[in-house]
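Add chains Y and R to chain C, keeping to what the hints say.
Chains as they are written, first to last, in full-length UniProt numbering: chain C, 1 to 318; chain Y, 1 to 318; chain R, 1 to 318.
Don't read these hints as lab results, they were simulated from the structure. All values derive from a computational prediction rather than experimental measurement. Accuracy of the hints is not assured; some may be wrong.
Ranges of calculated distance between the beta carbons of each label pair, as one might list FRET restraints [unchecked claim]:
1) 182(R) <-> 6(C): 48 to 58 Å
2) 197(R) <-> 95(Y): 55 to 65 Å
3) 60(Y) <-> 309(R): 30 to 40 Å
4) 288(C) <-> 297(R): 48 to 58 Å
5) 97(R) <-> 111(Y): 51 to 61 Å
6) 46(R) <-> 288(C): 29 to 39 Å
7) 108(C) <-> 95(Y): 47 to 57 Å
Heads up, the beta-carbon is just placed ideally off N, CA and C, and yes, glycines get one too.
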Amino acid sequence: MIYKLSQIAQNIGIEYHGKDLEIEGLHTLSEATPSQISFFNDKKYASQLPHTKAGAVLIQKEHAGLLPETTIALITDEPYLKLALASKFFAHKMKTKTEAPTMGEGCDIDESAKFGEHVTLGNNVTIMAGCYIGDNVTIGSHTLIHPNVTLYHHTKIGQECIIHSGTVIGSDGYGFAHTRMGEHIKIYQNGNAIIEDDVEIGANCTIDRAVFGSTVIRKGSKLDNLIQIGHNCDVGEYSLLAGQSGLAGSTTTGRNVVWGGQSGSAGHLHVGDFSTIAAKSAVTKSLAGGKTYAGFPAIDHKLWLKMQAKISGLLKRK
Amino acid sequence: MIYKLSQIAQNIGIEYHGKDLEIEGLHTLSEATPSQISFFNDKKYASQLPHTKAGAVLIQKEHAGLLPETTIALITDEPYLKLALASKFFAHKMKTKTEAPTMGEGCDIDESAKFGEHVTLGNNVTIMAGCYIGDNVTIGSHTLIHPNVTLYHHTKIGQECIIHSGTVIGSDGYGFAHTRMGEHIKIYQNGNAIIEDDVEIGANCTIDRAVFGSTVIRKGSKLDNLIQIGHNCDVGEYSLLAGQSGLAGSTTTGRNVVWGGQSGSAGHLHVGDFSTIAAKSAVTKSLAGGKTYAGFPAIDHKLWLKMQAKISGLLKRK
Amino acid sequence: MIYKLSQIAQNIGIEYHGKDLEIEGLHTLSEATPSQISFFNDKKYASQLPHTKAGAVLIQKEHAGLLPETTIALITDEPYLKLALASKFFAHKMKTKTEAPTMGEGCDIDESAKFGEHVTLGNNVTIMAGCYIGDNVTIGSHTLIHPNVTLYHHTKIGQECIIHSGTVIGSDGYGFAHTRMGEHIKIYQNGNAIIEDDVEIGANCTIDRAVFGSTVIRKGSKLDNLIQIGHNCDVGEYSLLAGQSGLAGSTTTGRNVVWGGQSGSAGHLHVGDFSTIAAKSAVTKSLAGGKTYAGFPAIDHKLWLKMQAKISGLLKRK
Numbered sequence: 001m002i003y004k005l006s007q008i009a010q011n012i013g014i015e016y017h018g019k020d021l022e023i024e025g026l027h028t029l030s031e032a033t034p035s036q037i038s039f040f041n042d043k044k045y046a047s048q049l050p051h052t053k054a055g056a057v058l059i060q061k062e063h064a065g066l067l068p069e070t071t072i073a074l075i076t077d078e079p080y081l082k083l084a085l086a087s088k089f090f091a092h093k094m095k096t097k098t099e100a101p102t103m104g105e106g107c108d109i110d111e112s113a114k115f116g117e118h119v120t121l122g123n124n125v126t127i128m129a130g131c132y133i134g135d136n137v138t139i140g141s142h143t144l145i146h147p148n149v150t151l152y153h154h155t156k157i158g159q160e161c162i163i164h165s166g167t168v169i170g171s172d173g174y175g176f177a178h179t180r181m182g183e184h185i186k187i188y189q190n191g192n193a194i195i196e197d198d199v200e201i202g203a204n205c206t207i208d209r210a211v212f213g214s215t216v217i218r219k220g221s222k223l224d225n226l227i228q229i230g231h232n233c234d235v236g237e238y239s240l241l242a243g244q245s246g247l248a249g250s251t252t253t254g255r256n257v258v259w260g261g262q263s264g265s266a267g268h269l270h271v272g273d274f275s276t277i278a279a280k281s282a283v284t285k286s287l288a289g290g291k292t293y294a295g296f297p298a299i300d301h302k303l304w305l306k307m308q309a310k311i312s313g314l315l316k317r318k
Numbered sequence: 001m002i003y004k005l006s007q008i009a010q011n012i013g014i015e016y017h018g019k020d021l022e023i024e025g026l027h028t029l030s031e032a033t034p035s036q037i038s039f040f041n042d043k044k045y046a047s048q049l050p051h052t053k054a055g056a057v058l059i060q061k062e063h064a065g066l067l068p069e070t071t072i073a074l075i076t077d078e079p080y081l082k083l084a085l086a087s088k089f090f091a092h093k094m095k096t097k098t099e100a101p102t103m104g105e106g107c108d109i110d111e112s113a114k115f116g117e118h119v120t121l122g123n124n125v126t127i128m129a130g131c132y133i134g135d136n137v138t139i140g141s142h143t144l145i146h147p148n149v150t151l152y153h154h155t156k157i158g159q160e161c162i163i164h165s166g167t168v169i170g171s172d173g174y175g176f177a178h179t180r181m182g183e184h185i186k187i188y189q190n191g192n193a194i195i196e197d198d199v200e201i202g203a204n205c206t207i208d209r210a211v212f213g214s215t216v217i218r219k220g221s222k223l224d225n226l227i228q229i230g231h232n233c234d235v236g237e238y239s240l241l242a243g244q245s246g247l248a249g250s251t252t253t254g255r256n257v258v259w260g261g262q263s264g265s266a267g268h269l270h271v272g273d274f275s276t277i278a279a280k281s282a283v284t285k286s287l288a289g290g291k292t293y294a295g296f297p298a299i300d301h302k303l304w305l306k307m308q309a310k311i312s313g314l315l316k317r318k
Numbered sequence: 001m002i003y004k005l006s007q008i009a010q011n012i013g014i015e016y017h018g019k020d021l022e023i024e025g026l027h028t029l030s031e032a033t034p035s036q037i038s039f040f041n042d043k044k045y046a047s048q049l050p051h052t053k054a055g056a057v058l059i060q061k062e063h064a065g066l067l068p069e070t071t072i073a074l075i076t077d078e079p080y081l082k083l084a085l086a087s088k089f090f091a092h093k094m095k096t097k098t099e100a101p102t103m104g105e106g107c108d109i110d111e112s113a114k115f116g117e118h119v120t121l122g123n124n125v126t127i128m129a130g131c132y133i134g135d136n137v138t139i140g141s142h143t144l145i146h147p148n149v150t151l152y153h154h155t156k157i158g159q160e161c162i163i164h165s166g167t168v169i170g171s172d173g174y175g176f177a178h179t180r181m182g183e184h185i186k187i188y189q190n191g192n193a194i195i196e197d198d199v200e201i202g203a204n205c206t207i208d209r210a211v212f213g214s215t216v217i218r219k220g221s222k223l224d225n226l227i228q229i230g231h232n233c234d235v236g237e238y239s240l241l242a243g244q245s246g247l248a249g250s251t252t253t254g255r256n257v258v259w260g261g262q263s264g265s266a267g268h269l270h271v272g273d274f275s276t277i278a279a280k281s282a283v284t285k286s287l288a289g290g291k292t293y294a295g296f297p298a299i300d301h302k303l304w305l306k307m308q309a310k311i312s313g314l315l316k317r318k
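Chain C with its partners taken away, still in its complex shape (with noise of 0.2 Å):
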């Protein structure tokens, strides 16, 4: 979907006279394009501002100026809000036309999996029955779907993968911008999710897609049931995460990283390599790798246990 910069802009509600252009997307100040739409909403990306390569960005008038020349400013008060309305234009149409997949030999397909367009299944795929399968997704080779699984529109899933039942990937993430009257205005979110090679996903997990480019499970991770992982994330290579776990958007993670059940991270926070998180803990700010930690908030494991023990000395004080 391509529009008109000048229609985009009429339609929510900003003044923009100069040049037109074609735009084909929304995007982050570092990511966006010449043909993308960006929004600074941020003081903490202020340093980007001179450097971004978007064809437009949502901007107050006092930070315009550090605007590249290359790039048209689009002069708002809530640059966050109009980038929700102008997400609008982006949004993929939910349809229940279906049709045939374009699929390698060996496939198993139940023959009430439903089927969006442009699907691509590699060799001896399995779907179960009651499985959605959503527009332009990618299903690799040696895959087994188990039944009543959805999986959202350009949702990409590697080889070797085993999706449980009822899990949902690809599901909007959780994002909106909000009115001064309290209302909150949907960001679309027209990224998507991908699933590597090898990866397992227990039952009922719910894996959103990303608002701009991918929410990432990477190879050979593995999920158990119930867990949340939000938009934007970027799960590292052979994690393991227990049941009813779950990791707010755009946090990171490194490979081989640990966490125990119920336990769950803030977002936009990173997790390094062979951490391990104990169960039922939250973590609330980046950590480095190669260590345990538990509580709320998570410290490190040997000082929580300390803390605890400190704790229980209390019941002996008057």
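Below, chains Y and R alone, put in the same frame as chain C:
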């Protein structure tokens, strides 16, 4: 479904030979009508006894004198257990019978979606593959139901809603009476669930139907994935619930309440307007609006930070 | 499925040239039969070695002398990894082939429900739309399966049960052996899940099948929504589990154990009869019956209250 009071009394093992009534359901003391049976099981509600409009009340002998003259006392040592037994009379019978829904213009309904009897859809409703829409459900215009969603009977969904895959709305609330032998007798959940306009509900959420009346998610609220809403909850307008949070039964909230990931609340509480509950926190009592709370039990966020600092300080002590 | 011991040994890279056996499965040292292979990986079980009835045992050379003469030693440095490789021999092959179930009288089965081979239903079973009932499943009389439920192969459901929508029973337990390179090798879960009579399971729960033997939910237990039961758990009679609670693998409980919302337990523990675990608590060791526990780690509830008071008291100190 209408039953004779005498028939119900006999069936649940209560001696009653007075005037007969036609009974069409069960409800609380304050809400029951003259054609409903209520119950008195908790002294907290004693002040409601003289004012109830219930046709009959399940009650211990010693409290029966407090009922108004117009209300029949059904004397029993175990009012709650008898309520459970009576609830089965009014349970909706699950059956596989399907029927084409009544629908407006421009709807896009997958051929594999199944509809119970008396379903009504507005205009431009999209229902994707594998959905089950139970008897007497209504869905407002421009609402999108992603694949493999289940809406139990009598659920009402507003306009402009988005319901993500795997979500279950209107499943039975968790309610049981307990026998002296430790068995659990189901209280059939004869209320429903109502989702107001402009609500988005993420993937694999569960919103239970009410035991009496309705569980309600109010206008403009946005729920992330894997969220549990217990029976008879009332989630205020424009609330935000992050992934894996949960509210136990009968908890109500004001507007614009924010629940962090993996947070939860006990039942029968109220959380005031514009409150924020930090991730992983556990609300154990009603909370005034306009503040941020954290911890288990959840306390004022600033106090919680101070307490965390004090706990950390313990490590420095001998 | 029966394989020659020599064939399995060769396939998983173990040198063995002795007497051949017909092998029909894998099991623990204490449960394995002469036609099964077992493994010795944890010194905790050393006392079981001389008494095992296993036909063969995967074992390190130094411990092989403890085996009875009737048991063949399969010598390996990595018994657990070899177990994982061997488990694939006995994995049930997922396939889309369907077959009409054998059923009693008065069943009401939706035409979109899918049945694997050799399914047996009792009388008056109701199975709603979109359910998948795997190979060799049995379902007792008067049981109601709500829409979009998935029962994996060999699951057994008792009489008078209610299974709510989106629930998955019998999905693979979370079990992997780890290579020295940090890869995770699947241990195929060749046991099953058993739900006894009069059990109700809420929406979007996940009950994993056992690695060997059975995961069991005993008579009269009631589970709320979004609950995770790990492989080889045994939930005692008349237990109550509130929403979003979870038990890790191999944990067993007595009867009438109550689990609060979002509570959890580590694996390989036992919680005694008539225990109550408060909401949000985390059980980290076996607990005696008849008491209430709270906190993380879960301790006696009265002690926990005292500790909370002490912690609050810290705020008053300088």
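Could you tell me which of the hints above the structure violates, numbers in ascending order? 2, 4, 5, 7
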